[in-house]
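K.L.:
Between the sequences and the hints, there should be enough to build the whole structure, so can you do that?
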Amino acid sequence: MDVTSRQFSDKAHQALRDTVLQKALGHIEEGFVEARKNAAANLPEFEELRDRGRDIRAHVIEHLGAYLRQFEDQVYAQGGRVHWARDAAEARQIVAEICAEQGARTIAKSKSMVTEEIELVSHLEAQGLKAVETDLGEYIIQLREEKPSHIIAPVIHLSKEQVSETFHEHHQIHGFEDKLTERAELVAQARSVLRETFMDADVGITGANFLVAETGSVVLVTNEGNADLVTSLPDTHIVVTGIEKVVPTLNACHTLLRLLVRSATGQETTTYTSFLTGPKRPKDANGPSNFHVVLVDNGRSAMINTQNREMLHCIRCGACLNHCPIYANIGGHAYGSVYPGPMGAVLTPQLAGLADSVDLPNASTFCGKCEAVCPVRIPLPKMMRHWRESEFEQHLTPTGMRFGLGVWSWLGRHPALYRLVQRCARLGMRVLARNGWIKALPLAGKGWTAWRDMRAPDGESFQSQWAKRGKKEPA
Amino acid sequence: MANAREHILSRLPDAQPAPHSWQEPFAPISTLLPSDRRRTLFADKLAQNKATFSEVLARKSIPGAVARHVAKQGYAGKVILGQSLAALPWDVVDLECHWVSGENDLPLEDGLMMVSDCFAAAAETGTIITRSDQHQDSRLNFVARHHCVVLDERDLLGPYEDIWVHMQSQQKAMPRSVNFITGPSRTADIEQTIELGAHGPASLHIILVRAESTRPESGEL
Ligand code: SF4
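Residue numbers (our numbering), protein chains in the order written: chain A, 1 to 475; chain B, 1 to 221.
Keep in mind the hints are simulated off the structure, nothing from the lab.
Keep in mind that a hint or two might mislead.
[Claimed, not checked] With a cut-off of at most 30 Å between alpha-carbon atoms, the simulated DSS-like pairs for lysine-lysine come out as follows:
hint, chain 1, residue 1, chain 2, residue 2
1, A, K160, B, K60
2, A, K130, A, K23
3, A, K283, B, K60
4, A, K23, B, K60
5, B, K78, A, K283
[What the hints assert, rightly or not] Some residues of chain A that are not near chain B, with every Cβ distance over 12 Å (derived):
hint, residue
6, H13
7, I28
8, S217
9, R402
[Unchecked claim] Computed Cβ-Cβ distance ranges for the label pairs, DEER-style:
hint, chain 1, residue 1, chain 2, residue 2, range
10, A, D235, B, H135, 44 to 50 Å
11, B, K172, A, E101, 30 to 36 Å
12, B, E96, A, D51, 51 to 57 Å
13, B, A86, A, R105, 42 to 48 Å
Please read these numbers as outputs of a predicted model, since none were measured by experiment.
The beta-carbon is built from N, C-alpha and C at its ideal position, and this holds for glycine as well.
P.N.:
Shown next, in the form of structure tokens:
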């Protein structure tokens with residue numbers, strides 16, 4: 001997976017200066033955070049479901065090989081085919097070969113993070129195929145030649161005006177001359193342009209939200225209905241998905257679906273949830289003749305025996321992004337990976353290497369909100385902390401920081417000196433503070449206080465309070 | 001790439017799983033209701049998800065309900081009817097009807113009103129469920145501009161899990177597609193604001209055919 005995460009710091013600063021982006025990110029609170037809170041509150045069983053969801057995901061990973069074999073058997077029994085890809089290149093080749101077998105020219109695609117991860121579309125285009133993203137957000141991204149900035153809301157960084165510009169530039173060849181100003185008009189125009197793609201497409205490519213082992217079904221959720229057109233109009237359906245997506249049963253799948261949608265958009269369910277099992281049956285009124293599932297490893301099996309195993313439990317709901325104070329301030333592009341935010345901070349170093357993405361696990365205040373909202377209770381802060389430890393062990397930490405940490409640890413071993421330095425620092429910070437906030441810190445350079453103020457120390461230090469309480473736990 | 005399969009599987013834990021407690025259905029308590037309250041929950045959830053709803057007492061009243069819905073929508077074009085509805089008395093209403101008769105007979109152009117049956121519904125979220133078979137062209141659910149769905153009250157269930165039990169009582173094999181549909185198509189991709197009619201139907205109307213046991217003593221609905 002190619003990433004540009006080395007530029008994280010520069011891009012984060014750019015993002016903070018970008019007023020259009022800052023306005024767009026303002027929609028997260030109402031659109032996602034509030035909506036999730038209400039959805040969770042309206043389902044009394046929500047916390048119980050989260051425990052169940054976590055247990056299901058942990059159980060699946062413990063028996064991953066067995067469940068994948070069961071899924072594979074079921075797909076074959078229904079007349080479909082299963083392909084296995086060790087890495088991105090193999091996955092792309094498999095898809096390209098199926099397209100070639102079908103003599104495909106046009107491909108309609110629905111949204112899938114795995115296909116982003118393996119950069120499938122650009123590869124197919126390089127082979128001379130026309131591959132069109134049909135999820136509205138992904139379609140806009142494709143026209144703008146950008147990457148998605150959120151795993152479920154790819155154009156969360158854009159304004160209506162920017163979308164209008166993009167459509168005006170690209171839709172004139174479809175006979176749409178006027179520049180649109182209303183959201184409804186933009187949606188209607190995209191519908192009209194993309195309907196042609198659905199009709200023309202020889203192959204439909206989707207991801208999978210879940211794979212059901214007991215039935216061999218591929219489960220897809222969308223609100224737009226594009227995945228359903230992708231899987232019912234073209235004659236060939238190719239599913240490209242990660243090996244970790246399997247769940248044992250339809251019932252287990254419903255538990256996870258209830259969690260996924262509430263955590264993602266705050267809806268109780270998406271408009272469309274589709275269970276697709278094999279190709280058209282001989283007597284069926286319609287359906288694709290060919291049904292292929294490409295199971296992609298691309299670094300996943302290597303996670304099983306690591307400290308990041310639990311990242312394989314992720315159901316890609318995006319809640320950890322929506323609730324992250326860092327993501328909410330800089331958006332997704334700064335992370336330089338298709339997986340941004342807290343889940344990306346854990347996953348990207350795993351998939352792309354820590355050396356190229358060392359800033360990501362550091363881009364966290366460790367407020368713990370991501371873990372608090374994760375529907376399957378993945379301990380994201382703990383895993384980011386693991387990455388920070390690996391960073392230090394692998395000598396990837398910048399010299400200045402290493403030096404600072406060294407000084408800190410030395411001081412920690414000299415308590416009297418530690419207390420003295422701390423007292424001086426507290427006094428100094430009080431002098432610098434105005435109304436309880438520090439706007440510039442001399443030793444921290446401009447970076448730290450350029451976009452935020454630092455709280456001045458309030459009241460007494462922990463150690464002096466501890467001493468006063470007689471070193472006892474508070475009652 | 002046959003060895004890719006072996007390579008990947010050799011790296012994964014492979015112990016056969018034992019049966020697990022969560023194989024049992026886990027339905028939210030709010031969905032376990034007697035039939036009258038189930039109907040109310042269903043209607044509430046439809047409204048919440050921006051679908052509309054009407055009731056009839058018998059299947060023969062479906063054409064009338066469709067005609068009323070067509071008039072209400074101010075729709076003037078032809079009405080596309082799924083195969084399973086062909087036997088109803090459509091001649092009593094003044095609609096330009098097209099009965100889908102086979103695989104290549106479904107008009108795919110945008111803008112049409114389409115009417116079809118569903119095989120079940122889950123009151124849990126106001127969700128109707130269709131399955132593909134020789135009479136049901138699954139495309140109809142998605143290419144329509146306006147979708148009107150007929151539901152038999154006996155097929156109105158509570159939680160999602162019951163859908164599969166209901167299906168297994170009718171057929172062993174998993175259909176090619178089982179589609180859970182909740183309200184009209186929508187997108188919030190632009191500025192997180194919901195717009196209806198993204199790719200699928202911009203309107204969804206459900207006509208519930210009341211079961212004999214729950215019908216009111218007298219009167220039209
Ligand atoms: S880590 Fe948890 S909260 Fe984040 S996307 Fe995955 S499942 Fe959702």
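K.L.:
Taking each numbered hint in turn, which are not upheld by the structure, reported in ascending numerical order?
P.N.:
Those not satisfied are hints 1, 2, 4, 7, 8, 10 and 13.
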